[in-house]
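Undergrad: Sequence lines, in order, name chains A and B. Counting from 32, one number per residue, gives the positions in the first sequence under the numbering used here. Counting from 27, one number per residue, gives the positions in the second sequence under the numbering used here.
The hints are simulated quantities; they were obtained by calculation from the structure and are not laboratory data. Ideal placement from N, C-alpha and C gives every residue a C-beta, glycine not left out. Do not rely on the hints blindly, as some may be mistaken.
[To be verified] Far from chain A, some chain B residues (derived; all Cβ distances over 12 Å):
#, residue
1, 36
2, 57
3, 81
4, 291
5, 348
[Said to hold, decoys possible] Calculated lysine-lysine pairs in the DSSO-like style (CA-CA distance at most 30 Å, straight line):
#, chain 1, residue 1, chain 2, residue 2
6, B, 65, A, 290
7, A, 401, A, 107
8, A, 290, B, 217
9, A, 343, A, 290
10, A, 107, A, 419
11, B, 241, B, 253
Listed here are the chains, written in short residue letters.
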Amino acid sequence: MFKRSYALLALLVIAGMALAACGPAASAFECTDALGCVTVGPGEPIHLAYAMVISGADETLGVDSRNGVEVAISQKGQVLGHDIQLTGEDEGCSAEGGQAAGTKLAADPTIVAVFGTSCSSAARVAVPLLSQAGFAIISASNTAPDLTEAGNENNHPGYLRTAHNDEIQGAAAAQFAFEELGVTQAATIHDGSLYAEKLQEVFATTFEEMGGTITTTEAVDPNGTDFKGALTSIAATEPEFIYMPIFVNAGSLITRQAKEVPGLEEVRLMGADGMFSPDLVEGAGDAVEGLFLSSPDLASFGPEYQSTFLPKYEEMFGTEPISVFHAHGYDAANMVFAAIEQVAVQDPDGTLHIPRQALRDALYATKDFKGLTGNLTCTPTGDCADPKIAVYESHPGQFPPDRIWP
Amino acid sequence: MLRNWTQRVTLTDIIVWALGILILIGVIWGSIVTLNTGKYSTSTWIDLTITGLALGGVYALIALGYTLVYGILRMINFAHSEVFMSGPFTATFAAQALIALGWWNTYPILSLVIVMLVSAAVSASIAILLERIAYRPLRHAPRLVPLITAIGASFFLQYTFRGLYGSGLKPFPDMEIFSGFWLIGTVRIFKTQAVAILGAFIMMLVLYTIVQRTKIGKAMRSVSEDKEVAALMGINVDRVITTTFALGGISAGIAGILYLLLFPVAHFFMGFFPGLKAFTAAVLGGIGNVPGAFLGAMVLGLLESVGPSLFLDGLGIPAPNQLKDAIAFTILVFILIFRPSGLLGERLTQAKA
Numbered sequence: 032m033f034k035r036s037y038a039l040l041a042l043l044v045i046a047g048m049a050l051a052a053c054g055p056a057a058s059a060f061e062c063t064d065a066l067g068c069v070t071v072g073p074g075e076p077i078h079l080a081y082a083m084v085i086s087g088a089d090e091t092l093g094v095d096s097r098n099g100v101e102v103a104i105s106q107k108g109q110v111l112g113h114d115i116q117l118t119g120e121d122e123g124c125s126a127e128g129g130q131a132a133g134t135k136l137a138a139d140p141t142i143v144a145v146f147g148t149s150c151s152s153a154a155r156v157a158v159p160l161l162s163q164a165g166f167a168i169i170s171a172s173n174t175a176p177d178l179t180e181a182g183n184e185n186n187h188p189g190y191l192r193t194a195h196n197d198e199i200q201g202a203a204a205a206q207f208a209f210e211e212l213g214v215t216q217a218a219t220i221h222d223g224s225l226y227a228e229k230l231q232e233v234f235a236t237t238f239e240e241m242g243g244t245i246t247t248t249e250a251v252d253p254n255g256t257d258f259k260g261a262l263t264s265i266a267a268t269e270p271e272f273i274y275m276p277i278f279v280n281a282g283s284l285i286t287r288q289a290k291e292v293p294g295l296e297e298v299r300l301m302g303a304d305g306m307f308s309p310d311l312v313e314g315a316g317d318a319v320e321g322l323f324l325s326s327p328d329l330a331s332f333g334p335e336y337q338s339t340f341l342p343k344y345e346e347m348f349g350t351e352p353i354s355v356f357h358a359h360g361y362d363a364a365n366m367v368f369a370a371i372e373q374v375a376v377q378d379p380d381g382t383l384h385i386p387r388q389a390l391r392d393a394l395y396a397t398k399d400f401k402g403l404t405g406n407l408t409c410t411p412t413g414d415c416a417d418p419k420i421a422v423y424e425s426h427p428g429q430f431p432p433d434r435i436w437p
Numbered sequence: 027m028l029r030n031w032t033q034r035v036t037l038t039d040i041i042v043w044a045l046g047i048l049i050l051i052g053v054i055w056g057s058i059v060t061l062n063t064g065k066y067s068t069s070t071w072i073d074l075t076i077t078g079l080a081l082g083g084v085y086a087l088i089a090l091g092y093t094l095v096y097g098i099l100r101m102i103n104f105a106h107s108e109v110f111m112s113g114p115f116t117a118t119f120a121a122q123a124l125i126a127l128g129w130w131n132t133y134p135i136l137s138l139v140i141v142m143l144v145s146a147a148v149s150a151s152i153a154i155l156l157e158r159i160a161y162r163p164l165r166h167a168p169r170l171v172p173l174i175t176a177i178g179a180s181f182f183l184q185y186t187f188r189g190l191y192g193s194g195l196k197p198f199p200d201m202e203i204f205s206g207f208w209l210i211g212t213v214r215i216f217k218t219q220a221v222a223i224l225g226a227f228i229m230m231l232v233l234y235t236i237v238q239r240t241k242i243g244k245a246m247r248s249v250s251e252d253k254e255v256a257a258l259m260g261i262n263v264d265r266v267i268t269t270t271f272a273l274g275g276i277s278a279g280i281a282g283i284l285y286l287l288l289f290p291v292a293h294f295f296m297g298f299f300p301g302l303k304a305f306t307a308a309v310l311g312g313i314g315n316v317p318g319a320f321l322g323a324m325v326l327g328l329l330e331s332v333g334p335s336l337f338l339d340g341l342g343i344p345a346p347n348q349l350k351d352a353i354a355f356t357i358l359v360f361i362l363i364f365r366p367s368g369l370l371g372e373r374l375t376q377a378k379a
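If we strip away everything but chain B, and leave its shape as in the complex, we get (with noise of 0.2 Å):
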């Protein structure tokens, strides 16, 4: 039994082990030593993780584009980013034109609900326009082939609209409903923020359950099970595609409007870092799974936003929020040691890929 164990375990094995430990003593150590000293009170750590869950709301509606794809062609979409990019940024357009009618304040619901059509619907054409232009002529090349295209088509369309906005910060009005913040007990939540995380969850809502309970779900379940029986069966496979592709760009371009709520600056690399943090959510939520990307999605955006505070500042270390991501990434890389196929990924028994 042990000559049995210590064949199988190889000193990889127990380098990494030993890196998690090492990685959990000190989260659990900077943790208390932080609680202890009490340099923060319990309305800011409640403050910190609803921006948090703000943030990761944002992250998920992103992350879902990511996984809907990877489900169904087995490819990343890495020109995501800029699918998430490009509806804010128009968006902002509309927004200065509803200001001009006068009608940003006056109707601030119809005008947010502009916006998010208004992103919605570039971000899904430019999906839809990305997979047949740039992926349907390469569906059958190697797997690296559409890879590489998706970072030229990242850059493309970066470059795209930089050269027909400009390089400058766009701004995003602010809405007067939605300035200052309700005081719930002795709790602040920003209206920003609950728009966010409210947005978010709804939104996740009705994709799961288009996924889940429609028959175009269906269609896409089962063109994710296996393309060439789908299509014998007598399913459109390319339709199934494209509508995914849509689906995955109106959840970027609400989430880019949900985003602007937060952030309120647009430019044409804003989608860069937004974009790998959301590639990051799916992959440790699981990517091909949606409930997981919204799961690695939160967590992530609660290590961003708690993380530094509470592991860091215990253990002395100056200025901890610049290694916001350096902790983000550190549990990712911790928890995929342990779980390899995500959160909530499924078992890579049967192998797909």
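Okay, chain A solo, but in the shape it has when bound (with noise of 0.2 Å):
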């Protein structure tokens, strides 16, 4: 019995070395990238994969983002004649969430490139991560300057994004505020990521430049309830607008207890793209009357927009996109499929060879790329959008809420 086992064990030795042995020389293609390359079998699909929130408070922002790439990728069918398989893992919206999402996914020599991450704090953690680990990763959410800063130690090789840049948010919200408005005094909070950090920083910047008086920056808790506290110490500096960049829950939770504090009841309040969801509409009650939103204008979409995209989003996830994100991550996912099809090696068999640096430049290099959100060119950094950020204004159970600015 024993003898039999050895025996079959040896015979699998050999039969597995031999086929070592003749495994390359089956292949014509030889890999000379300088990360490598990533080979695809014949009949197997192309393997991307997502780091996104999809649980949580803050999940409509990554959610919707997935659900573009979905539909990207529906439409796509395949690329070089192999199915595109999509997996991913959450990042929670929070560094740590970007930490575990990050290491599952660079242990796996599959993927080709990432699309995320959502939040840009889970970005700050997960990219170097995946950067490392040799694939292209392209974000349709974060907007964190620093990321696609050159000489920024948090801008990582590969990394490209279809998002805005803050500093474009930001001022157009400092802009609306002062010219628009005709505010002079306000306040902001932020909620120690990185993305309430830069983005209300960008504004207060803008805004005194433009002569304004930013009265004081509070910080909150973004797992936090009771936020009275921080909006006490705001209405003693009389503002008369406060902006928030901050997530939905905390965000919500604010919109309703600024009414309650005495010295805010008519102050405006200003959010940005990472509260602009359903979720806070319900959550803020009839409270949200009268808070602006800043958010890509996605009035300015062209017409394929509505005409293709959202009846498809509908029709695959039966529903509205839930947050604004979504058509970032479409131009995501077939700005990766271009790539791919530009720099892959197709052996006679139906083999695919993707050399991962070639794939990263041949991204770099992307010019006047007709997407959704207008024509994309990447700086060599990573910044790709065409952005075009409104100013919307919500009502009590409404959502989206109405765009008013420009």
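Put the two chains together into one complex; each comes in its own frame, and the hints tell you how they fit.
TA: Quick look at the structure:
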């Protein structure tokens, strides 16, 4: 009995060695790419992954972008005769979640490109891991400026984004407040996240350059529930306007509680794209009336957005888009498809070789790419967006809110 | 005498005392400077105090669940935060149903009672099931085992609710009769806050009476004293323990509705932080002690709400409100250094544990 199993084992080992020996010989392709190549066998799918927030209070942000990617995959069907497989991890919109998602994805060498992250805080820790693993990383909703700032320690090779840079969103919000509303005294609130802190910083700088005054900057706990203390401190500085580019959970509670703090009843509040969600309208109830939100200008999207994308989205997911970065996800996916088609080497038997560095280079070289969100051209540090920001005004029970500016 | 003293005092003691004195000086200095600058008016301070009391009331009702169970089983029921979450989470659906019926604003008090009953019933059932399934089989296991089980049960419940109802926010509808505030002189009290403080206080009295004045309360106290002897005296220990969990669940369910009146958004993770705070409050007041849980919760609520503005503003620390938990927990450490068994805790001369 023992002998027979040993014989079997020996046979298997020999067979394995023989296979290994003739493996490379069967393929004429030799990978010379600096980061190596991904080999996709005949009939196997091309493996793409996402790292987005798909649970918790901010889930609409990530789920919406993922839906955008899935619409693109479904429309595309196949790339060079291969199906596309999408798997993913939840980055939880936090540094810890980003760490976990980044580590898991980085361990899978079959992944070609990663869509994500959703939140800049997660990007800060996940992107270095994914970049190290050789993937192309393309985010549909990271907006923190330092992620694509040349020379910044948070800018990593292989990272690109189709979302706008917050240098633009923050400045647009400041312009809206100062020029359109005519306020000169503003307070800001952030939640310690990379996204919120940078965005309010850009707002504050621009607002002060225009001649306004920032009365105070408060920070709150994104998981907190009682913000009266912070709002009372703000009320003591008598602002006319509060800019709070935070997320849904804290955002909806602050919107409610601001109405209950003496001195803030009439003060106008403004959030940013991180709060652009039906959950906010539900969570804030009647207090949402008059809340301003800045976000990518959905009205500026190309005609295919209305005619092709939206019907397809509704057909696949049974709902209208639930946040604002679905079209950015769609564009990101199509950019990756185009880049793969450009650089992949195909064997006669259908085996596909995708060189990693070449794929990154092709993505960075994207020029005048006709996407839903505009004509995308990537900078050498990965900013690909053709950004147009609009301001929306919220009303109870209504989503999406009314576009009012510009 | 002096030699005796130097022998007893260790370096650690000196460091701990120095730390305590430093914190005390910081607190006093910060408060004096803040009050001197006059940045906040008297009515602001009263506002913050009332907010703190309302928050404290909710913490108190959750803390009761920890303290009752600890009193009887000497175990920390870490799944209690999910007992707290399950009731109000389910009650948001009941509230939607009441709105659909048109009762919500026509019979507001009745509606509030109904959602409270739903919430209390769900929380109590979850607590009883938890005890029956997760804790009773392990009652004679080493003490760490039920503790770990509790953490597991906590995750299980959280993700079950997430799986069943999704991870989005579930709004709790506003009640017209509780919107706005009462003006007493120049002091504004929001009606929701008044209801929360009052509700917590009444609930507290009811529970205290049950524990101190009724037959089942007497049984609970005797089981807490000594399980074996209580059993020999003819007390059905299992039933007493189940009742204890049920009481903790009911008070958590009521706390959940009061919490939703204050912060009207429910989600599957809503139990975690209030649960942690309430546990802290129970320890602060002296775990196992019912009035202690109430006192500890009020102190914690006040520290969180008044603390950042009072202590830190004066020290010139920017954006002090994000540090409210740091303040609350620093003071907690400070108090436990000098009173390790909590504010009203029994002196551990004859260790029960």
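Undergrad: Identify every previously stated hint that the structure contradicts and give their numbers, smallest first.
TA: Hints 3, 4, 5 and 9 contradicted; others consistent.
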